[in-house]
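Engineer: Residue numbers (this note's numbering), protein chains in the order written: chain P, 596 to 923; chain W, 495 to 692.
Think of the hints as simulated: they come from the structure by calculation, not from any bench. Please note that the accuracy of each hint is not assured.
Derived pair list, reagent style SDA-like, types lysine to any residue, alpha-carbon separation capped at 25 angstroms [stated by the list, open to error]: (1) Lys664/W with Arg902/P; (2) Lys578/W with Lys640/W; (3) Lys875/P with Asp845/P; (4) Lys578/W with Gln923/P; (5) Lys578/W with Gln632/P; (6) Lys578/W with Asp845/P; (7) Lys608/P with Val657/W; (8) Lys901/P with Ala522/W; (9) Lys633/W with Arg803/P; (10) Lys640/W with Glu612/P; (11) Lys573/W with Arg902/P; (12) Lys664/W with Lys731/P; (13) Lys901/P with Arg838/P; (14) Lys541/W with Gly657/P; (15) Lys640/W with Trp617/P; (16) Lys640/W with Thr906/P; (17) Lys608/P with Glu654/W; (18) Lys909/P with Arg590/W; (19) Lys541/W with His891/P; (20) Lys608/P with Leu659/W; (21) Lys909/P with Arg526/W; (22) Lys664/W with Trp616/P; (23) Lys578/W with Thr906/P; (24) Lys608/P with Arg540/W; (25) Lys664/W with Asp845/P; (26) Lys664/W with Lys901/P; (27) Lys608/P with Asp648/W.
Ranges of calculated distance between the beta carbons of each label pair, as one might list FRET restraints [what the hints assert, rightly or not]: (28) Pro635/W with Asp630/P: 40 to 48 angstroms; (29) Asp586/W with Gln621/P: 55 to 63 angstroms; (30) Arg526/W with Pro841/P: 30 to 38 angstroms; (31) Asp586/W with Gln632/P: 16 to 24 angstroms; (32) Leu835/P with Asp586/W: 39 to 47 angstroms; (33) Asp586/W with Ile818/P: 40 to 48 angstroms; (34) Val877/P with Arg625/W: 34 to 42 angstroms; (35) Asn885/P with Arg625/W: 52 to 60 angstroms; (36) Arg526/W with Ile840/P: 30 to 38 angstroms; (37) Glu609/P with Pro635/W: 55 to 63 angstroms; (38) Arg526/W with Ser624/P: 50 to 58 angstroms; (39) Asp630/P with Arg653/W: 29 to 37 angstroms; (40) Gly729/P with Pro635/W: 41 to 49 angstroms.
Glycine residues also receive a C-beta, built at the ideal position from the N, C-alpha and C atoms.
Residues per chain, in single letters:
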Amino acid sequence: MSENAGLSIAGSKEISERAAWWLVRQHASSGWSADDQAAFESWMDESPAHLMAYWRLEAVWGRADRLSALRETSREAKQPSNARRIRSFIAFGAVGLCLLGVATAGALSYFHTEQAGAYETAIGGHKILTLADGSKIELNTDTRIRLAADGAGRKVWLDRGEAYFQIRHDAAHPFVVVAGTRQVIDVGTAFSVRRDTGRLQVALTEGRARLESTEGSTGPKSIMLVPGDVAVATREGVALVTRPIPELTDQLAWRRGLLAFDSTPLAEVAAEFNRYNRQKLVVVGADARNVEVGGHFRATNVDAFKRIARTILKLRVETHGDETVISQ
Amino acid sequence: MKDASDNHRGDGNLRKAGEDASVSEVKAWFVREVLPLEGMLLQFLRKSSSSAADAEDICQEVYMRIFASARKELPNPTKPLLFKIARDMLVDRARRQQVVSIQAVENLEALDVAIDEPGPDRTVIAREELRKLQVALDKLPERYRKPFLMKKIDGLTTREIAVRLGVAEKTVEMHLTEAVRALADVLYRDQLQIGGPA
Numbered sequence: 596m597s598e599n600a601g602l603s604i605a606g607s608k609e610i611s612e613r614a615a616w617w618l619v620r621q622h623a624s625s626g627w628s629a630d631d632q633a634a635f636e637s638w639m640d641e642s643p644a645h646l647m648a649y650w651r652l653e654a655v656w657g658r659a660d661r662l663s664a665l666r667e668t669s670r671e672a673k674q675p676s677n678a679r680r681i682r683s684f685i686a687f688g689a690v691g692l693c694l695l696g697v698a699t700a701g702a703l704s705y706f707h708t709e710q711a712g713a714y715e716t717a718i719g720g721h722k723i724l725t726l727a728d729g730s731k732i733e734l735n736t737d738t739r740i741r742l743a744a745d746g747a748g749r750k751v752w753l754d755r756g757e758a759y760f761q762i763r764h765d766a767a768h769p770f771v772v773v774a775g776t777r778q779v780i781d782v783g784t785a786f787s788v789r790r791d792t793g794r795l796q797v798a799l800t801e802g803r804a805r806l807e808s809t810e811g812s813t814g815p816k817s818i819m820l821v822p823g824d825v826a827v828a829t830r831e832g833v834a835l836v837t838r839p840i841p842e843l844t845d846q847l848a849w850r851r852g853l854l855a856f857d858s859t860p861l862a863e864v865a866a867e868f869n870r871y872n873r874q875k876l877v878v879v880g881a882d883a884r885n886v887e888v889g890g891h892f893r894a895t896n897v898d899a900f901k902r903i904a905r906t907i908l909k910l911r912v913e914t915h916g917d918e919t920v921i922s923q
Numbered sequence: 495m496k497d498a499s500d501n502h503r504g505d506g507n508l509r510k511a512g513e514d515a516s517v518s519e520v521k522a523w524f525v526r527e528v529l530p531l532e533g534m535l536l537q538f539l540r541k542s543s544s545s546a547a548d549a550e551d552i553c554q555e556v557y558m559r560i561f562a563s564a565r566k567e568l569p570n571p572t573k574p575l576l577f578k579i580a581r582d583m584l585v586d587r588a589r590r591q592q593v594v595s596i597q598a599v600e601n602l603e604a605l606d607v608a609i610d611e612p613g614p615d616r617t618v619i620a621r622e623e624l625r626k627l628q629v630a631l632d633k634l635p636e637r638y639r640k641p642f643l644m645k646k647i648d649g650l651t652t653r654e655i656a657v658r659l660g661v662a663e664k665t666v667e668m669h670l671t672e673a674v675r676a677l678a679d680v681l682y683r684d685q686l687q688i689g690g691p692a
């Protein structure tokens with residue numbers, strides 16, 4: 596635990612046990628020799644941690660002498676102090692309720708199915724749609740999709756933003772997500788599609804899907820995706836990388852209202868936050884932009900992130916209106 | 495640290511050259527000012543640490559740092575410095591690991607509020623500590639409580655206790671060791687709850 600210069604300190608539990616042992620030994624019948632005293636003193640000299648652990652127990656030991664005056668009352672004071680336990684129970688209870696809330700929201704949307712038409716989320720928004728066939732579409736921040744009219748097949752247009760698709764497989768009626776000049780055709784699957792300006796990313800978490808180009812002249816090129824595949828399509832072409840599934844799950848942390856980072860440069864972190872909030876983060880200077888950040892954050896809590904930047908990353912943070920400038 | 499041994503029983507009041515506080519002064523200050531805050535400190539550290547044991551180790555480090563500071567000059571008031579050290583330590587750790595949990599942030603924020611609150615009144619602490627000690631004692635398992643009461647209240651020697659309870663003297667010593675540690679934990683680490691309904 597201790598990384599302090601040259602001090603090697605045992606765990607606090609071991610020290611406390613040792614301190615208690617010394618304390619009791621001094622008051623034991625077996626006697627306290629000069630050697631014992633010397634050994635005790637050298638232990639106390641080794642570290643202030645030893646001193647303080649000993650003082651702490653010695654204070655209790657000494658205070659107990661005063662108990663004799665209260666001896667007769669010792670039975671009446673039998674009040675278990677459960678306050679802390681109850682408090683932490685309430686705290687956990689609150690978390691439980693939140694989770695239940697999310698689960699209920701999910702269940703409710705599952706029982707009513709969506710009509711054809713356009714669906715949007717605002718910046719920081721999150722919405723779950725359930726289709727007639729049981730397929731689910733989860734919309735992330737600032738996203739717009741359109742569902743094909745009934746009978747027109749299973750087809751969705753992603754106009755902007757990001758969505759996570761959990762598709763009921765139906766070989767006779769493949770599910771198609773159209774995003775600009777590309778489309779994803781599911782073969783029974785769960786995947787996310789994110790559409791930014793000039794860039795489309797498809798990440799597959801389950802099953803199989805095919806990514807196709809719909810631009811006619813050169814003929815549709817298609818790539819079959821398997822779990823872990825992340826395809827990034829730009830005007831120049833499609834790059835395919837394979838990522839461990841946990842990493843993909845991190846990328847989908849938005850489904851829980853979180854952003855997950857792992858050694859992510861601050862510039863990218865800011866860009867992610869900016870997708871979810873009207874208040875925009877601007878990171879200035881290469882030093883600050885390259886600061887690496889890890890951990891989970893609430894996507895819509897920019898203020899918390901600003902405090903981290905200030906107190907933990909020790910960066911300058913200045914807010915003017917809707918813009919916050921972070922610099923070294 | 496050389497003069498620590500002179501004062502381990504709190505008898506001496508040697509002052510080294512300069513303004514340095516003597517070890518016995520630091521000891522009196524530690525027992526009077528720091529220990530009553532241990533419950534609050536640990537509660538804060540626990541929420542921001544991966545495990546309870548981890549929190550206790552950090553608590554130890556916080557004590558080490560405030561000890562070093564107290565050797566130069568006894569802090570007055572103690573509470574803001576203690577929590578500033580704890581806070582800085584958590585921030586350092588977070589920076590090293592580059593991992594900041596949501597909870598850690600929220601706790602740092604809660605701490606700002608907590609530091610501003612006045613600590614419990616000292617006479618209340620003393621009275622409540624005694625009451626809590628009683629409660630703590632009642633919660634101890636019989637095999638720890640009996641020898642402890644025999645030792646501290648009846649004034650028996652460990653050998654006499656061993657004879658009365660029909661166990662080895664070593665066993666008595668071990669149970670006393672457990673008893674005093676358990677009592678300290680209840681006394682100092684539940685500190686925040688002592689103001690609850692009587």
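Engineer: Next, verify each hint and record whether it holds.
Structural biologist: Cross-check of the supplied hints:
1. Lys664/W with Arg902/P: violated, 54 angstroms
2. Lys578/W with Lys640/W: The hint is violated at about 41 angstroms.
3. Lys875/P with Asp845/P: holds, 22 angstroms
4. Lys578/W with Gln923/P: holds, 23 angstroms
5. Lys578/W with Gln632/P: Answer violated: Lys578/W to Gln632/P is near 37 angstroms, above 25 angstroms.
6. Lys578/W with Asp845/P: violated, 33 angstroms
7. Lys608/P with Val657/W: violated, 30 angstroms
8. Lys901/P with Ala522/W: violated, 41 angstroms
9. Lys633/W with Arg803/P: Violated, because 60 angstroms separates the two Cα atoms, which is more than 25 angstroms.
10. Lys640/W with Glu612/P: Given that 25 angstroms is the threshold and the Cα spacing comes to 20 angstroms, the pair holds.
11. Lys573/W with Arg902/P: OK: Lys573/W and Arg902/P at ~23 angstroms, within 25 angstroms.
12. Lys664/W with Lys731/P: Distance of about 67 angstroms is beyond 25 angstroms: violated.
13. Lys901/P with Arg838/P: violated, 30 angstroms
14. Lys541/W with Gly657/P: violated, 31 angstroms
15. Lys640/W with Trp617/P: holds, 20 angstroms
16. Lys640/W with Thr906/P: violated, 50 angstroms
17. Lys608/P with Glu654/W: Measuring from Cα to Cα gives roughly 30 angstroms; hence the hint is violated.
18. Lys909/P with Arg590/W: holds, 12 angstroms
19. Lys541/W with His891/P: holds, 16 angstroms
20. Lys608/P with Leu659/W: violated, 28 angstroms
21. Lys909/P with Arg526/W: Given that 25 angstroms is the threshold and the Cα spacing comes to 35 angstroms, the pair is violated.
22. Lys664/W with Trp616/P: Judged against 25 angstroms, a Cα distance of about 11 angstroms means the pair holds.
23. Lys578/W with Thr906/P: holds, 12 angstroms
24. Lys608/P with Arg540/W: Within the cut-off at roughly 15 angstroms; holds.
25. Lys664/W with Asp845/P: violated, 55 angstroms
26. Lys664/W with Lys901/P: Violated, at roughly 57 angstroms.
27. Lys608/P with Asp648/W: violated, 30 angstroms
28. Pro635/W with Asp630/P: 40 to 48 angstroms: violated, 33 angstroms
29. Asp586/W with Gln621/P: 55 to 63 angstroms: Given about 37 angstroms between the Cβ atoms, the range is violated.
30. Arg526/W with Pro841/P: 30 to 38 angstroms: violated, 50 angstroms
31. Asp586/W with Gln632/P: 16 to 24 angstroms: violated, 38 angstroms
32. Leu835/P with Asp586/W: 39 to 47 angstroms: About 41 angstroms separates the Cβ atoms of Leu835/P and Asp586/W, which means 39 to 47 angstroms holds.
33. Asp586/W with Ile818/P: 40 to 48 angstroms: holds, 46 angstroms
34. Val877/P with Arg625/W: 34 to 42 angstroms: violated, 57 angstroms
35. Asn885/P with Arg625/W: 52 to 60 angstroms: With a Cβ separation near 56 angstroms, Asn885/P and Arg625/W satisfy 52 to 60 angstroms, so the hint holds.
36. Arg526/W with Ile840/P: 30 to 38 angstroms: violated, 55 angstroms
37. Glu609/P with Pro635/W: 55 to 63 angstroms: violated, 22 angstroms
38. Arg526/W with Ser624/P: 50 to 58 angstroms: At roughly 32 angstroms between Cβ atoms, Ser624/P and Arg526/W fall outside 50 to 58 angstroms, so the hint is violated.
39. Asp630/P with Arg653/W: 29 to 37 angstroms: The hinted range 29 to 37 angstroms is violated for Asp630/P and Arg653/W, with Cβ atoms some 20 angstroms apart.
40. Gly729/P with Pro635/W: 41 to 49 angstroms: violated, 56 angstroms
Hint compliance for this structure: hints 1, 2, 5, 6, 7, 8, 9, 12, 13, 14, 16, 17, 20, 21, 25, 26, 27, 28, 29, 30, 31, 34, 36, 37, 38, 39, 40 are broken, all remaining hints hold.
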